[in-house]
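Enquirer: Those protein sequence lines, which keep their order, are chains A and B.
Here our numbering is used: the first residue of the first sequence is 66, the next is one more, and so on.
Here our numbering is used: the first residue of the second sequence is 133, the next is one more, and so on.
Everything labelled a hint here was simulated from the structure, so no lab data went into it.
Yeah, the Cβ is synthetic: ideal placement off N, Cα and C, and Gly gets one too.
Keep in mind that a hint or two might mislead.
If the Cβ cut is set under 8 Å, some of the chain A residues that face chain B in the computed set are [claimed, not checked]: (1) A96; (2) Y97; (3) L154; (4) W168; (5) G169.
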Amino acid sequence: SQKIEQNSEALNIQEGKTATLTCNYTNYSPAYLQWYRQDPGRGPVFLLLIRENEKEKRKERLKVTFDTTLKQSLFHITASQPADSATYLCALAHAGNNRKLIWGLGTSLAVNP
Amino acid sequence: GAGVSQSPRYKVAKRGQDVALRCDPISGHVSLFWYQQALGQGPEFLTYFQNEAQLDKSGLPSDRFFAERPEGSVSTLKIQRTQQEDSAVYLCASSLGAAMTDTQYFGPGTRLTVL
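The shape of chain A in the complex, shown without the other chains (with noise of 0.2 Å):
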């Protein structure tokens, strides 16, 4: 069956410190794959995308690599904040519908003082 998984375990890291967040798929070939943030309450709020034929983006602090021969993309928060602390989440899109975003559970970031 079609698959996104994410880390399933909350992050805990320190202020300054850069956070990776893994998103592994299956039986999937995205035409591309997005990453959002999530605050308790309110809905997910877009970050960066990533097409299949791109390996590497950057925003700031943030920077997205998409691996399709692994199947995984890595997000990374470099130079952490305790506003950062959120829940991420990995959206794909599927080649065939792409219109249509699956998404992975999320992760939740805490980013200590």
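Got chain A; can you put chain B on it based on the hints?
Expert: Relative to chain A, chain B alone:
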């Protein structure tokens, strides 16, 4: 400018009641999406509109779920004869165009609790 708004923010229904959830997308946005998010889970796609046309409703869990967007702006998600398993947050998102990479902007969601 205003973002995506949803109403009500919270809804409690008795099992068997019908509910209607409203989404006001960002003005001028062509695409509109509905998702269901259970506690501790990621969002699950329900349906997608491009203007008033419902192009994909493959995620609607049963024929008790119905969505419409008659004038290509406001959308309503209706759930008939609610069941306890319908309890979740219902998220609406809109995007400016119809391209696959257009950013989706989410509303705050409606939390539905079915007793």
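Enquirer: Please go over all the hints and tell whether each is borne out by the structure.
Expert: Evaluation of the provided hints:
Interface hint status for A96(A): upheld, as the beta-carbon distance to the closest one in chain B is roughly 6 Å, under 8 Å. For Y97(A), the interface hint holds, the least distance from its beta-carbon to any beta-carbon of chain B being 6 Å, beneath 8 Å. A hinted interface residue such as L154(A) counts as satisfied when its beta carbon comes closer than 8 Å to some beta carbon of chain B; here the least separation is about 5 Å, so the hint holds. The criterion of a C-beta within 8 Å of any C-beta in chain B is met by W168(A), whose closest approach is roughly 3 Å, and the hint holds.
At a threshold of 8 Å, the smallest CB-CB gap from G169(A) to chain B is about 5 Å, leaving the interface hint in force.
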